[in-house]
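Peer 1: Given next are the chains, with one letter for each unit.
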Amino acid sequence: MKEEIIIAGFGGQGVLSMGKILAYSGVMQGQEVSWIPSYGPEMRGGTANVTVILSDRKISSPVVQEFDTGIVLNQQSLDKFEDSIKPGGTLLYDPNGITHPPHRTDLDVYTIDAAVEAARSGNAKVFNMFVLGAFLKIKPLVTVENVIEGLRHSLPERAHKMIPANEEALRKGMELVKKAE
Amino acid sequence: MEDIKLMKGNEVLAHAAVRCGADGYFGYPITPQSEVLETLTELRPWETTGMVVLQAESEVASINMVYGGASAGKRVMTSTSSPGLSLMCEGLSYLAGAELPCVVIDVSRGGPGLGTIQASQADYFQVVKGGGHGDYRMPVLAPNSVQEMNDFVDLAFELAFKYLNPVMILADGVIGQMMEKVHLSPQKPRRTEEQIRQECPWAALGKGDRKTRNIVTSCYIDPETMERHNHKLQAKYDRMEREEVRYEEMETADAEYILVAYGASSRICAKVVEDARKDGLKVGLIRPITLFPFPTDAIRQAARYAKGFLSVELSMGQMIEDVKLAVGNADIPVRHFGRTGGIIHSPREVYEALKQFMTETGGKL
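In order, the protein sequences belong to chains A and B. So that you can map any letter, position 175 of the first sequence is 175 in the working numbering, and since no number is skipped, the others follow by simple counting. So that you can map any letter, position 231 of the second sequence is 231 in the working numbering, and since no number is skipped, the others follow by simple counting.
With the rest of the complex left out, here is chain B:
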């Protein structure tokens, strides 16, 4: 009982960062994730694990501090919300280009522009499809519970160092602000300088007894070299697509209609599936846990028997494009439903939209 806590998702991110042995957090406050920096400041990990917590002067500074820490092989991270992530996108592209591991968390809010501080899932394109320039991809984890806010921080660092690539956690204001029960992970030690030297032979830690020093860069002026670098990066992204797809299915075995939803929306859709099944409707849910790599095969598999897919997002419809690509069959209707502006669709609204969709596409009610 003692180790079960009741916490906000944002607070848990801070605890998880300290407990997974992170070396540094650099951030700038922005609603709805300001509790991450606040909680870290309260925890004072610099007095216990030696982790650095620093409030930067802007998101541009935060992401470049991350670049610096990552170049030295440190486990470093930042967190922000939508407009702040826009400011970080140049840095993300540089981090990916320079093959630097780090964790970046977006607790997204409504946009475009300054938008609203309320919850939204309208950063899918930005986070999953790039945001920054150039041919790069990042693994994107989408937690849908406070427990996963804990679990995914450590997982994100693991993936970041496995692939030498930035890893995103895309949460939303609901998951960040909500309190649920959580088992916090046990404290892991931070890696020693010696361990970092061994595990990160690429890190810029000084020449030591080697002949040449390491250079961390994303700049390749020679076209042949640049193209080779792009192919090397692409090979990593291909491997992510083979090895890192994570998703959950609910009641899909005999489902005629499939809801596809991630984050807060997937929790709402789980309730819709429960209600629909009580009414005898064959409805299931596919919940992508990784948005990149996307669970394309799971959706294509379900499309062999399904009559339709409803992509339920707190946006005007972004993930739906990946759902359509995955279904890969123009005869199977794929539709979007979602509220925006910080309004969270209720299970009933989604259920009504689903029934409407079923009626219009020959489903049995």
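Excised from the complex, chain A in its bound form:
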């Protein structure tokens, strides 16, 4: 198993931390992992992306040019990364704010209404966990238990009280993910 994933969206959406939680879940699952962010003069509202690789073997290059899965959370990221997904790969996106839907016909495309659900839940911070739940429903690479374990390791102690809300959002995301028509 080797899964090369790009997660992209606005800074402040929890793109990097979602990647980190996924990578930590992989560690808990006994996988090899790598996490490389785009870093730069970026800020809330700017663009942010991170490459996460989960593998059951040693990862040679953490830098890749094509991805098995693209998880995109805004129009700019969709425009930028849709063509970087391998033929037959997976695209998961939040339709909120998307004016030009994906054009590729050779991908498995899924949607998750994470922004809407996060607003409904009254806790905007768990937005990224709806998305992660959706992804793990499509590709169950790590168990929910290991995601929770990963959260325990990646969040500072003072944030551990947030774990139940995160788990709830994760499970809700698994229910709500839809295959695009």
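Bear in mind the hints are in silico, worked out from the structure with no lab data behind them. Hints may be right or wrong, so weigh each one.
Far from chain A by the CB rule (all over 12 Å, computed), these chain B residues [said to hold, decoys possible]:
hint: 1; residue: Glu47
hint: 2; residue: Gln55
hint: 3; residue: Glu99
hint: 4; residue: Gly111
hint: 5; residue: Leu164
hint: 6; residue: Gln177
hint: 7; residue: Tyr237
hint: 8; residue: Asp279
hint: 9; residue: Lys324
Derived DSSO-like pairs: lysine-lysine, alpha-carbon spacing no greater than 30 Å straight-line [what the hints assert, rightly or not]:
hint: 10; chain 1: B; residue 1: Lys207; chain 2: B; residue 2: Lys181
hint: 11; chain 1: A; residue 1: Lys2; chain 2: B; residue 2: Lys278
hint: 12; chain 1: B; residue 1: Lys181; chain 2: A; residue 2: Lys58
hint: 13; chain 1: B; residue 1: Lys278; chain 2: A; residue 2: Lys86
Even glycine gets a Cβ: it sits at the ideal position worked out from N, Cα and C.
The hints should help you fit chain B onto chain A, whose structure is shown.
Peer 2: Below, chain B without anything else, positioned relative to chain A:
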């Protein structure tokens, strides 16, 4: 499982510094390595091991604080990125001249000038060939994983005290910013004042019960004395070349074409070798772990059978000069490939460049 962490390379440098029993870190923040100072500040080692962590007013101040700490036999270090290293170069030359042990880390970014904050490997000349003035060399370790960011800090201090010389760790923005699994080293105690007095009889720790005091200097006005000092330094550099060469080889035994790459680029090239071998191409990789001393013999050995060498660097081509010297045969083509400006070449780009090189030099595709 408990001791496996997921961390950024830069964060690991900070943990490794505390855990290897360093006495002091002096630094000034600069992207892409600011997490080193940030993490050290978060770890508050002054409350546990007693290690000093100090944000200096500039890189010039940092390196001179290192000079001061090292003069007292302390295990001291700093870290910076390219433009910051330029400011430290005078200090590096003085440290080498005065035979002071210390560890200096460059998590390099793109230049020249203010350049870009994105990853690059364009500091090879500066770090490996000097940067500062005068006849001096420094061992240079080039980590290519987060684990090695941990392991090389302790190794760098070991070499620094073995040779009484500054030791460089040359990383890049990819290795610094990337998170991977890491086993952190166990905590070593800092050396006591008594241990330092015994292990560093040269240190400037006051006269004590001796007749004369130690003087730490790189200044020798008398030409004969200065030349003798240069010969003494050179003997150390020669010994480093004999004893400290470190490198890794991948699939070189029957390789017709050899990629040479270090740091982040060597990880990308490892993928190229995997892909090329799947396609039946006889391609191997030599990865220098020490850039000085350079694995000249390993490359010369491979050159006995190879048809060509591709030096793959995130620069316009700097290490290629050492690869050419090592190959030592004008009939064997040595070419460079690399992206710059903060663009990281992908495995596919490198593979395409390799195939192009092979086509033009009579290789079998």
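Peer 1: Looking at the structure, which of the earlier hints fail to hold?
Peer 2: 6, 10
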